[in-house]
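J.: One letter stands for each residue in the lines below.
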Amino acid sequence: MREIAFDTVVKTVRDMIIYSGTDLPQDTYDALAQAMEKEKSPVSKEVIRQLLENADIAKDEKRPLCQDTGLAVFFVRVGEEVRIDGGLLRDAINKGTEEGYQDAYLRASTCEPFSRANLKDTVGYNLPAIIHFDLVAGDKIDIEYAAKGGGSENVSRAKVFPPAAGKAGIVQYAKEVISDAGGNPCPPITVGIGIGGTFEKAVISSKHALFRDIGSRNADPEMDELEQEILLEINKLGIGAMGMGGTETALAVHIESNPCHIASLPVSVNVQCHSSRHTHITI
Amino acid sequence: MAKTYNLTTPLSSEDTRQLESGDTVYLSGVLFTARDAAHKKLVDLIEAGEPLPFDLEGSVIYFVGPTPPKPGDPIGSAGPTTSYRMDSYSPTMLKNGSKGMIGKGKRNQEVKDACAQYDSIYFGATGGAGALLGKLIKSAEIVAYPELGPEAVRRLEVENFPVTVINDTKGNDLYQMGREQYEVK
Numbered sequence: 000m001r002e003i004a005f006d007t008v009v010k011t012v013r014d015m016i017i018y019s020g021t022d023l024p025q026d027t028y029d030a031l032a033q034a035m036e037k038e039k040s041p042v043s044k045e046v047i048r049q050l051l052e053n054a055d056i057a058k059d060e061k062r063p064l065c066q067d068t069g070l071a072v073f074f075v076r077v078g079e080e081v082r083i084d085g086g087l088l089r090d091a092i093n094k095g096t097e098e099g100y101q102d103a104y105l106r107a108s109t110c111e112p113f114s115r116a117n118l119k120d121t122v123g124y125n126l127p128a129i130i131h132f133d134l135v136a137g138d139k140i141d142i143e144y145a146a147k148g149g150g151s152e153n154v155s156r157a158k159v160f161p162p163a164a165g166k167a168g169i170v171q172y173a174k175e176v177i178s179d180a181g182g183n184p185c186p187p188i189t190v191g192i193g194i195g196g197t198f199e200k201a202v203i204s205s206k207h208a209l210f211r212d213i214g215s216r217n218a219d220p221e222m223d224e225l226e227q228e229i230l231l232e233i234n235k236l237g238i239g240a241m242g243m244g245g246t247e248t249a250l251a252v253h254i255e256s257n258p259c260h261i262a263s264l265p266v267s268v269n270v271q272c273h274s275s276r277h278t279h280i281t282i
Numbered sequence: 000m001a002k003t004y005n006l007t008t009p010l011s012s013e014d015t016r017q018l019e020s021g022d023t024v025y026l027s028g029v030l031f032t033a034r035d036a037a038h039k040k041l042v043d044l045i046e047a048g049e050p051l052p053f054d055l056e057g058s059v060i061y062f063v064g065p066t067p068p069k070p071g072d073p074i075g076s077a078g079p080t081t082s083y084r085m086d087s088y089s090p091t092m093l094k095n096g097s098k099g100m101i102g103k104g105k106r107n108q109e110v111k112d113a114c115a116q117y118d119s120i121y122f123g124a125t126g127g128a129g130a131l132l133g134k135l136i137k138s139a140e141i142v143a144y145p146e147l148g149p150e151a152v153r154r155l156e157v158e159n160f161p162v163t164v165i166n167d168t169k170g171n172d173l174y175q176m177g178r179e180q181y182e183v184k
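Heads up: the sequence lines are chains A and B, in that order. According to numbering that gives the first Met the number 0, the first sequence holds residues 0 to 282 in order. According to numbering that gives the first Met the number 0, the second sequence holds residues 0 to 184 in order.
Honestly, I wouldn't trust all of these hints.
Straight-line C-alpha distance at most 16 angstroms; calculated EDC-like pairs for lysine to aspartate or glutamate [to be verified]:
1. A:Lys44 / A:Asp29
2. B:Lys69 / A:Asp102
3. A:Lys10 / A:Glu98
4. A:Lys119 / B:Asp112
5. A:Lys235 / B:Glu179
6. B:Lys134 / A:Glu52
7. A:Lys10 / A:Glu111
Reference listing, derived: stretches of chain A covered by chain B, where coverage requires no fewer than 3 residues with Cβ under 8 angstroms from a Cβ of chain B [claimed, not checked]:
8. 65-74
9. 178-188
10. 236-244
11. 268-281
The following residues of chain B were derived to be distant from chain A, with all beta-carbon distances above 10 angstroms [said to hold, decoys possible]:
12. Glu13
13. Val42
14. Gly57
15. Ser76
16. Lys94
17. Tyr117
18. Gly129
Just so you know, these hints were derived from the structure itself, not from any lab. Just so you know, these numbers come straight off a predicted model, no measurement behind them. The C-beta atom is built at its ideal place from N, Cα and C for all residues, glycine as well.
Next comes chain A alone, as it looks inside the complex:
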């Protein structure tokens, strides 16, 4: 059994959060630069230029990329041959999250659902983190992190279709969700689509799809083709950067597909804004 110190996890998570707050990942930066080249609307082109300038300023001066520094979302794969020495893994991730958000002057955006009271003084600074655990073989812990903003989360949707809806139904649904969203989720967006599984499996898959590097291809050729088709359809909508009209509404569509019940075809569309702050570390 391999042992990893509680404090090692805390420090790793803290560093991931601080880095993600100010440094746009290279895949997102490159995708925005390509979108600026391709964009036909001068207004949207200028918006994307501002986004790249913003990323440069944030990185150089260590200022948060966006005032919405998100809820902290993690996908953690824990090897069955590893244990945490000195505490619980969930507590270590939460502690690292709190320290990262506080030390880097990131905004605490977590609140109670009805009173809307900010939980920073009661539960902890931007706590609790949203953590999805999975158990895997081996003696490592694999941590994927993304800061998830509210504007793009607010337009996300899920639906369980009858199997007859098929691929055409999914294309139509994705187009409908993005069309209704317009400029609200801060385009150019990344679109995560979870297909199959049960209702909640589709939703979690759509979230995880957003953690994939923009520009990477789906290993499944059928899903790769579907991703390209949906991307093309979304970019025909004309929404453009920040909804001001244009050709580059989405940077990428990412699909995660699962086996599902013979009676159903669950589909979830989760949207990420242009500031796709995600990072990945294996301890």
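Let chain A serve as the given structure and place chain B on it in line with the hints.
T.: Below, chain B without anything else, positioned relative to chain A:
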């Protein structure tokens, strides 16, 4: 053809009537911040006939909840938040003298109508450009509701703050116009 203007707050009807959807405006002077919670408090005061913590006449309201400032900085990152959450409050603000709003995302018909009726403009700032926009804010002081934290009302002094006219005083909407121009049917 979209034009570029440099304007200083407070704005007058003369300032706002010349603007058209799609124009770029560099704003200097004072902006007041308010999000959902602050809007509710301000509109409650107006409806009760009580004085407001700042003068609405000609004011520009920025929908923003900034990150905490680093030591020595006036403010942290400060890009716009999604505006539709203020739709139920904005017509009252405009009726009582406010001449501009800065946010992101579409507004409802009541807000667009109020822009036309009261010579007010809905400006869009680039969402997610919080570091860039925060740097253009020269000073920030809380003028009301400190208990709201990031949602407190702040008085910001800005220089050449870049915004785009979304809804003008003639009922135009850049989100509709821009989309119609680039949509492939």
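J.: Against each hint, give a clear statement of whether it holds in the structure.
T.: Okay, the hints, checked on the actual structure:
Distance restraint check for lysine 44 of chain A and aspartate 29 of chain A: the Cα-Cα separation of roughly 15 angstroms lies within the 16 angstroms cut-off, and the hinted pair is therefore satisfied. At most 16 angstroms may separate the alpha-carbon atoms for a hinted pair to count; lysine 69 of chain B and aspartate 102 of chain A meet this at roughly 10 angstroms. Distance restraint check for lysine 10 of chain A and glutamate 98 of chain A: the Cα-Cα separation of roughly 9 angstroms lies within the 16 angstroms cut-off, and the hinted pair is therefore satisfied. For a cut-off of 16 angstroms, the pair hint linking lysine 119 of chain A to aspartate 112 of chain B is broken: about 39 angstroms separates their Cα positions.
Between lysine 235 of chain A and glutamate 179 of chain B, the direct Cα distance comes to roughly 11 angstroms. Compliance with the 16 angstroms bound is thereby established for this hinted pair. Restraint check: the Cα-Cα separation between lysine 134 of chain B and glutamate 52 of chain A comes to about 12 angstroms, which is no more than 16 angstroms; the hinted pair holds. Distance restraint check for lysine 10 of chain A and glutamate 111 of chain A: the Cα-Cα separation of roughly 27 angstroms exceeds the 16 angstroms cut-off, and the hinted pair is therefore not satisfied. Given a C-beta distance limit of less than 8 angstroms, the hint that chain B covers the segment 65-74 of chain A holds, as 4 residues qualify and 3 suffice.
Judged by the Cβ-Cβ criterion of 8 angstroms, the segment 178-188 of chain A is covered by chain B as claimed, because 4 of its residues qualify and three suffice. With a cut-off of 8 angstroms between beta carbons, the segment 236-244 of chain A has 8 residues touching chain B; three or more are needed, and the interface restraint holds. Figure legend: the segment 268-281 of chain A, annotated as covered by chain B; annotation consistent (3 residues with Cβ-Cβ distances under 8 angstroms, at least 3 required). Taking the minimum C-beta to C-beta distance to chain A, about 25 angstroms, the non-interface status of glutamate 13 of chain B holds against the 10 angstroms cut.
Distance check for valine 42 of chain B against chain A: the nearest CB is about 17 angstroms away, which clears 10 angstroms, and the non-interface claim stands. The beta carbon of glycine 57 of chain B sits about 26 angstroms from the closest Cβ of chain A, which is more than 10 angstroms, so the claim that it is off the interface holds. Distance check on serine 76 of chain B: its Cβ comes as close as 4 angstroms (rounded) to a Cβ of chain A, failing to clear the 10 angstroms threshold; non-interface status is violated. Every Cβ of chain A is farther than 10 angstroms from the Cβ of lysine 94 of chain B; the closest lies at roughly 25 angstroms, confirming the non-interface assignment.
Even its closest Cβ contact with chain A, about 24 angstroms, leaves tyrosine 117 of chain B beyond 10 angstroms, as expected for a residue assigned away from the interface. With a cut of 10 angstroms on Cβ distances, glycine 129 of chain B falls inside the contact zone with chain A, its closest approach being about 4 angstroms.
Hints 4, 7, 15 and 18, counting from the list given before, are not met by this structure.
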